Amino acid sequence: MEYIIITIGFALTIFGLYGILSQKNMIKIIIGFSLFTTGINIVMVAIGFIRGGTAPILDEAGKEIGKYVDPLPQALVLTSIVIGLGVTALMLAYVMKLYQDKKSLNINDYKDLKW
Amino acid sequence: MGKKTMIALITLALAFVIYPLYQSYNGSETLKDVGQYYIDNGVEETGAQNLVTSVVVTYRGLDTLGEVTILFLAASVISFFLSFSKNDRIKSRSIRSVTEILTTSTQVLVPMIFMFGVYIFVNGHLTPGGGFQGGAVIASGIILMFLSNPRFKLSHKVIQFVESTSGIVFVLIGAAGALMMDGDFLSNKIPGFGFGEVGSIISAGAIPVIYTFLGLKVGAELSNVLGVFVESQSEK
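Protein chains in written order, with the numbering used here: chain A, 8 to 122; chain B, 25 to 260.
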């Protein structure tokens, strides 16, 4: 089971990088960044998995099983998700501003920083 | 085509880098030292039943403070950036009329969504959830309000008040832990906030208080981002 999750995580990471590099539409590039972040988050959660463990909430139902997964990667991923959201929103704001300027979403139309 | 080969090469290089990590991964049977410490002592030391919450708010509380700061920075940069040149743009946006189903269901659903968000962050130390999740749920209610009424405007005064007050209270609670007790910033052992009975809603010291203000702050920030995005599109 844990192999399925870590495979999905790595596959999403690779697809995300491929999307960032291959797409021309800036919105699609941002979707690539989102996929990249999601893949990394899934990998981090999968690494904290313990076979037969349950969520680290020590209530009655958890004490019956008595085996918990690592709470530390989950807390780290919580931080990572929120920062990913902030970065995505910031990138979308930049794209909106660029579109108002040149009326184009194609990244090839923006050559101001190219040498 | 040179570009496509480059893309394929870079992607393959990433796959090559992460392949050893994938191959050496096998679902472990036992916890590492730090995780085992949290499982063994977390409930005694913080009083919170949900260990993820005790890690986020108490053991790594400083990380959370930094995270909130990053979110605040992102929100303020977005609102600065999108409202910078409001005057030099005359634009008319055609607004489609909203169906009655959407407006009526918004009136029914929005209070329930807000209540659910508050429920999530008030119960953050007992059940899965917490300030960030509850704040995101509240912001989703704000999205519904924008969808049902495109001319709806968020009151910036209210947003500013909620956001700054909860941020200040968060830091003050952290400073109270540092000044009054054993000198730990953001410790939850503050006089007046007892640990109570583990598993009841009033327990775990300062964790529910911090998470409530965190939820309000995150909800206000995300709503502010949404409001700025919508406002930058509206007609002058």
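Calculated from the structure, these hints are not laboratory results. Only a predicted model underlies this, so the values are computations on that prediction, with no experimental measurement involved. Careful, some of the hints might be misleading.
Quick list of in silico lysine-lysine cross-link-like pairs, DSBU-like style, CA-CA up to 35 Å [to be verified]:
#1 A:K74 to B:K177
#2 A:K118 to B:K181
#3 A:K35 to B:K177
#4 B:K56 to A:K121
#5 B:K181 to A:K110
#6 B:K27 to A:K121
#7 A:K104 to B:K177
#8 A:K118 to B:K27
#9 B:K181 to A:K109
#10 B:K56 to A:K110
#11 B:K56 to A:K104
#12 A:K104 to B:K27
#13 A:K35 to B:K56
#14 A:K109 to B:K56
#15 B:K27 to A:K35
#16 B:K177 to A:K109
#17 B:K181 to A:K70
Here is what the structure says about each hint:
1. A:K74 to B:K177: Violated. K74 (chain A) to K177 (chain B) sits at ~49 Å, over the 35 Å cutoff.
2. A:K118 to B:K181: It is violated: about 40 Å lies between the C-alpha atoms, which goes past 35 Å.
3. A:K35 to B:K177: holds, 29 Å
4. B:K56 to A:K121: violated, 48 Å
5. B:K181 to A:K110: holds, 33 Å
6. B:K27 to A:K121: holds, 16 Å
7. A:K104 to B:K177: Measuring from Cα to Cα gives roughly 21 Å; hence the hint holds.
8. A:K118 to B:K27: This hinted pair holds, its Cα atoms lying about 17 Å apart.
9. B:K181 to A:K109: holds, 34 Å
10. B:K56 to A:K110: violated, 53 Å
11. B:K56 to A:K104: Violated: K56 (chain B) and K104 (chain A) sit about 47 Å apart, past 35 Å.
12. A:K104 to B:K27: The given pair, whose Cα atoms are some 28 Å apart, holds under the 35 Å limit.
13. A:K35 to B:K56: Cα-Cα ~39 Å, so violated.
14. A:K109 to B:K56: violated, 53 Å
15. B:K27 to A:K35: holds, 18 Å
16. B:K177 to A:K109: Distance of about 28 Å is within 35 Å: holds.
17. B:K181 to A:K70: violated, 47 Å
In terms of the numbered hints stated before, the structure departs from hints 1, 2, 4, 10, 11, 13, 14 and 17, listed from lowest to highest.
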